[in-house]
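J.: Use the sequences and the hints to build the structure in full.
Under mature numbering (1 follows the signal peptide of the UniProt record, and there is no 0), read the sequence shown as residues -25 to -1, 1 to 233, first letter to last.
No lab work stands behind these hints: they were computed from the structure.
Take the hints with a grain of salt, since some may be wrong.
To be verified - The calculated lysine-lysine pairs, modelled on DSS-like cross-linking and capped at a C-alpha distance of 27 Å, are:
1) K131 <-> K233
2) K152 <-> K131
3) K86 <-> K131
4) K233 <-> K201
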Amino acid sequence: MKKVTLLCVVALGTIALASASNVNAAQVGGSQTTDGIIKMKPGGDADILPKDPGKEDDTKIDPKDYPDPVPLPGDPDANHVVKEGVLAFTKNPKVFNFGTQDVSAKIQAQKTYTVKALNQDIDAAKTPFSGGIQTLQVYDGRPAGSNLDNWQVAVKATTFTDATSKKTLDGATIHIKGAGTYTRDKAADLTVAPNLDIVTDNITTSTVFGVVQGKQAKEHSDLTWKAEDVELEMAGSQAKVGTFESIVTWTLTDAAYK
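T.: Below, the structure is given as structure tokens:
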């Protein structure tokens, strides 16, 4: 009888370990990247006035404001389908393209130099398209309760660097203006940073989007903005000839927004 009891205990322990392994195997968070790029060439004599980005208040995105976005707000990209029960990104902007800009002594003498991004994103096939509405989307399919409600998105970016010359745009910051939220969870309580400023120094990490302790936002939640409302700001003295790139990394974690 003792042998039978022992075997039962071993069997139950094996089942428990297998169940724990399945829970741990579920996807919780992850990272996605956005490419930042700006090309600068000699020339330019037009007056370029410094702007004052990042002043707009956060507003809610109404799907009716964008008649035919593809996919619709709250819908995942086809290449970002995930399994039920996970916490994961299901959409992310592909590029912050600041185009080709002229550099002159007048520009370099300015206190600040600000460039607006092109109104485009880029699809999975690396094909640019116009009219870009850029979205960072989180899917939380985990069951509510049991400390499974928290999540936050943080962002960090490398220094804009020319791969050939190794020159850098030190102190450059990406500003995302007019960002709003949309969620399928009608009981959701999302929190967004008042200003979405991404310091491109490969050091600074900023929390931009998430759920505070004790709140929730299940299913698909979007942080959305127009591609043309992204700006790159730097000191005028940093403007120089070259092709500069930065990698912006969005990280989703199972932690309360702070």
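J.: Could you run down the list of hints and mark each one as holding or not?
T.: Tested hints:
no. : hint          : result
1   : K131 <-> K233 : holds (16 Å)
2   : K152 <-> K131 : holds (17 Å)
3   : K86 <-> K131  : holds (25 Å)
4   : K233 <-> K201 : holds (26 Å)
Of the numbered hints listed earlier, not one is contradicted by the structure.
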